[in-house]
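As you go down the protein sequences, you meet chains A and B in turn. For the first sequence, the residue numbers in UniProt numbering are 1 to 323. For the second sequence, the residue numbers in UniProt numbering are 1 to 421.
Hints are computed from structural coordinates only; laboratory data are not their basis. Fair warning: this is a prediction, and the values are worked out from it, not measured in the lab. Certain hints may be false.
[What the hints assert, rightly or not] Each computed DSS-like pair below joins lysine-lysine, with the alpha-carbon atoms no more than 25 Å apart:
#, chain 1, residue 1, chain 2, residue 2
1, B, 180, B, 244
2, B, 85, A, 59
3, B, 267, B, 180
4, B, 85, A, 256
5, B, 230, B, 219
6, B, 215, B, 130
7, B, 230, B, 32
8, B, 402, B, 244
9, B, 219, A, 59
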Amino acid sequence: MLDTASAVGKAPDRGDPPGPARSRRLRPGPYLLILPALAVIAVLMLWPIGQIGVMSLQKIGNRQLRGEPAENVGLEYFRTIFADPFFWQTLRHTVLFAAVAVTLTMTVGTLIGLLLNRLGRRMANLVAGGVLVAWATPPVTAAIIFSWLFGTTGGLVNWLLDRLPDALVGGGWADYNWFATPLSTYTVLTVCVVWQACPFVAVSVLAGLKSVPDELYEAARVDGSGPWRSFWTITVPLLKPIFMVLIVMSVIWDFKVFTQLFVMSGLANRDAFNLSLYAYSEAFGSLNPKLGMGSAIAVVLTLILLVVTAVYVRVMVRQGETA
Amino acid sequence: MKYTRIAATTVAIALAASACGGDKKDGADTGKDPARLKVWMMGDGTPEQTKFLDQVETEFRQKHPNTDVQVKYVPWPQVATTFQKAAAGGEGPDVTELGNTDVQSHIEQGNLLDISDQVAGWADAGKLNKTALENDKADGKTYALPWYGGVRGVWYRTDWFTKAGITPPKNWAELTAAAKKIQDAQKVPGIGVPTDQTNALLSFVWGDGGDIASKQGGKWVGQFTSPQVKDAVSYYTGLITTDKVAPEKYVGKNELQGPQTDFALGKLGMYIDGSWAYAQMKKIAPKNADKWAVFPIPAKNGGNAPALAGGSDVAVWKDTKAATAAFDYATVLNNAKNAAAWADISGFSSMRSDVRFSDPRLGVFTDIAANTKFAPISSGWGEFEQSKKVVPNMLKAIVQGKPIDDELKKADEQANTLLNP
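The whole structure should be built from the sequences, with the hints applied where relevant.
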């Protein structure tokens, strides 16, 4: 969204030839070209975001959805949220989870990307096809699979852990309830989300690696540099733009993880809520919807993500300047 | 080729757009037979239920021959969001089943049509359960009709009880002892007490003579810190923590997320569920089906603990254009003949005083149903139970070692605010 906005600002500059002879006549061509995209973005994103903003200041239930006028409550919901320790707990869960999940996604994804780059053509296709299945799995499906894997009745993970020697993993795994505490719940959630997200990172990294000339690595080898050093001095700097984009996108995705947590842990485990689930439970969790309250939480989440996006845009612009 | 495709897409989009926008309703009843009557039923809809509803439709069409009845099943976990969408988008039902603990929330949210006059004009209205009908009223107006009720009991294995020489427990001490014996003899957890099962805890609270909230001067006041509730909560969580006859693996879960399957497969001694569980368990483990039986949840010092009167009501949706036909459907659905048929098919007790089960196997549920109570009749119950999950979260925290007095106090505070919206 912001990319488009910056493109709007730049378009006339690029279009204007440097000569002073041309007047500053408005050239509608570029604007017309981006108009459809802007219109779609406005309808699908800007308008709903605006609505959420308005709703976060109003008391809205089913009656208001039917058309009864909504009562304005000003910033009451935001005051309630910020005074509530429960909000800070969900925020902490959201941030910690994103930090761990993004780190793991990037690490595992990059390793798979490097592996794919080293493999022969046929094997690389096979592995790439395999990991892409994980990426193509819908979140609900993935969540259901993982809640079965980690289930207490007939779950594969508990069965395996129970069969391993006690000296290695400790005993009592047969009935271990992964969704009883926030830490274990988020462990499962992290595995599930990373499993789904790392293929995309892998493929993107692979695409980047393909563009790095082999000569660089050869030269490094001749100079006596090992694979570890080559990775940090050649691969990382050259792929930095790709890594930056991937990290920011992963942060955004992992901040708003909802489906998997909702399916696996549900509304009954409030102690494991993240911001998305908290917003959902307020807005849609019962027959007395508090859409205003849910919107207020969503606004907070959106603002956090806008800050992340702003950092991202800044990084992109900087890279554009130096490149 | 290309142009044909574009044209086709355009037409499709236009159709979709008109389908979304063209169905504005204003709640007026034209009096004429509608072409279509939309009926929403809750749950997943068994083949038996579909067959039963087909018969109801046939009977209904004798009076409204030009009306096509369209039944849609709404799975219970999606109920809140589905009704919310119906209120927001105007694509709601004409007549719908409702969970009885949700009726007050629906009334508060303005989802239901005031049917006081129609009910007054219905000859059979006097046969409906009085307490249940009270739950369907607000400010003296009636918004729904009680349809059927369900109560829960303790499912157990007759063969295991016989082998261990146990008779169905009559009080809490015997219940713990029975669980212990089964656990020792069969090497399976004695009883399943999931923390996300408010209805079970309510029975224990009521079986100790307490209640989680009481109405004082028009306001609900939380009673969690009362000695009876504390006693019941200690007993319930103690089955897991101190008596160790219930496993920790059901913490944060409800009776369907483990206990039911485990019990059916013979991996759990006892668990609490309703008559409707029988059909589901038969699907899981048909070979064990003849070994299951039920006894009422015991009160602390003997006798049956009151059970939560769960169940469903029928209501006319506020946006309907066919209020007359919708109410006619409700009365056909709940006439004496169909109510009796439905009780036998579903295993739920009818809310009509003139209808009884014909199957003796379900007799025990009729006994249990003789002693029922309601959750606090407040429009805030929806939030208290569904989104805030006050009781489940309190139980979970206590099982996981938080001080019981703090948690009870917190629950009281939540009850005081949420039950008085």
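Violated constraints from the hint list, given by number and in increasing order: 7
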